[in-house]
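Novice: The opening residue of the sequence shown carries number 1 in UniProt numbering; numbering runs sequentially from there.
It should be emphasised that the hints constitute simulated quantities derived from the structure, not laboratory data. Any given hint could turn out to be false.
[Unchecked claim] Mimicking EDC-like on lysine to aspartate or glutamate, the simulated pairs with C-alpha atoms at most 20 angstroms apart in a straight line are:
#1 K200 x D233
#2 K200 x E122
#3 K200 x E211
#4 K102 x D233
#5 K102 x E211
#6 K200 x D99
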Amino acid sequence: MDERRRLDYLGAMGVDVWVPRHVAAGPVERSDETALVEPALPLPGQAAPSSVPPYPQPGHPTPPVRAAAPQIVPNPVAPEPVASGSVEPDPSDGPSSPDPTKLDWDALATAVSGCRACGLRETRTNTVFGVGSRTADLLIIGEAPGADEDRAGEPFVGRAGQLLNRMLAAIGLAREQVYIANVLKCRPPGNRDPRPEEVKQCEAYLMRQIELLGPRAILCVGRVAAQHVLQTDAPLGSLRGRWLEFRAASIPLRVTYHPAYLLRSPDQKAKAWEDLVEVARRLREGVGTVIGKGNDKDQAD
1 MDERRRLDYL GAMGVDVWVP RHVAAGPVER SDETALVEPA LPLPGQAAPS
51 SVPPYPQPGH PTPPVRAAAP QIVPNPVAPE PVASGSVEPD PSDGPSSPDP
101 TKLDWDALAT AVSGCRACGL RETRTNTVFG VGSRTADLLI IGEAPGADED
151 RAGEPFVGRA GQLLNRMLAA IGLAREQVYI ANVLKCRPPG NRDPRPEEVK
201 QCEAYLMRQI ELLGPRAILC VGRVAAQHVL QTDAPLGSLR GRWLEFRAAS
251 IPLRVTYHPA YLLRSPDQKA KAWEDLVEVA RRLREGVGTV IGKGNDKDQA
301 D
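Work out the full structure: start from the sequences and follow the hints.
Specialist: Shown next, in the form of structure tokens:
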């Protein structure tokens with residue numbers, strides 16, 4: 001086999017070889033796929049060339065260069081976007097966004113139902129927003145939901161709630177004519193007293209309810225509700241029996257016993273009746289002069 005035929009044979013097999021000058025005098029018919037890129041190793045019995053002739057050379061066509069095969073890179077998987085608002089808020093941040101002070105009734109109720117601002121979110125069954133007429137003249141505030149309220153998602157539905165309904169009926173008011181809310185919107189485990197940090201998280205919700213309602217009078221039932229709403233540590237005995245005012249809004253506020261306490265101490269119902277009569281009178285006659293908060297001497301006289 002002469003040199004030319006050997007080269008053609010190797011080229012047809014796809015073997016790249018170095019072409020000596022004396023053989024490459026004429027053009028070698030090669031396809032692009034078998035074009036020379038670099039010299040191959042010598043065949044057995046042949047000496048390795050001392051040098052590789054540079055390209056291009058006079059009288060020789062420039063050999064085409066085989067393009068490198070494209071590297072296949074898997075398509076990168078883009079990370080899934082983090083859903084807005086999916087990060088649980090820090091309990092120290094207060095009520096969840098949006099700002100409760102800018103919400104209407106329905107948006108506020110929605111915000112309360114999804115609130116995760118404190119640890120009570122882990123133990124509640126339902127949030128307890130409030131119930132009643134959103135145009136009511138009288139707002140009743142309790143301390144926190146109990147077991148019955150936690151199951152129903154509505155304040156004052158157990159035995160204490162039934163007694164409250166009878167107390168309201170005694171002064172000519174139906175449950176549907178007043179608005180009832182709690183300081184806390186979630187039940188504390190074991191019906192324990194609300195903790196200060198829990199009250200702090202819920203305060204903006206209650207303050208917005210009061211602002212939206214704009215009641216003519218507020219009735220706080222129980223020591224815990226009265227102390228938190230009035231921001232005092234005074235005992236209930238010194239708070240009830242007189243008119244106070246709700247903070248800067250100067251809404252007339254009365255304190256009385258919690259219905260649950262009256263179920264345990266029925267001998268105190270007469271005092272609670274006195275408080276209810278005063279509330280009914282104030283609603284009939286209008287706001288008038290508020291006694292309390294700087295007027296204690298007048299009340300004592």
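Novice: Confirm or reject each hint.
Specialist: Quick rundown of the hints versus the structure:
Restraint check for K200 and D233: satisfied, since their Cα atoms lie roughly 16 angstroms apart, inside the 20 angstroms limit. Distance restraint check for K200 and E122: the Cα-Cα separation of roughly 17 angstroms lies within the 20 angstroms cut-off, and the hinted pair is therefore satisfied. For the given pair, K200 sits about 17 angstroms from E211 by alpha-carbon distance, which is consistent with the 20 angstroms threshold. Between K102 and D233, the direct Cα distance comes to roughly 30 angstroms. Violation of the 20 angstroms bound is thereby established for this hinted pair.
The hinted pair formed by K102 and E211 meets the criterion: a straight-line CA distance of about 11 angstroms does not exceed 20 angstroms. Using a Cα cut-off of 20 angstroms, the hinted pair K200 and D99 holds, with the two alpha carbons roughly 14 angstroms apart.
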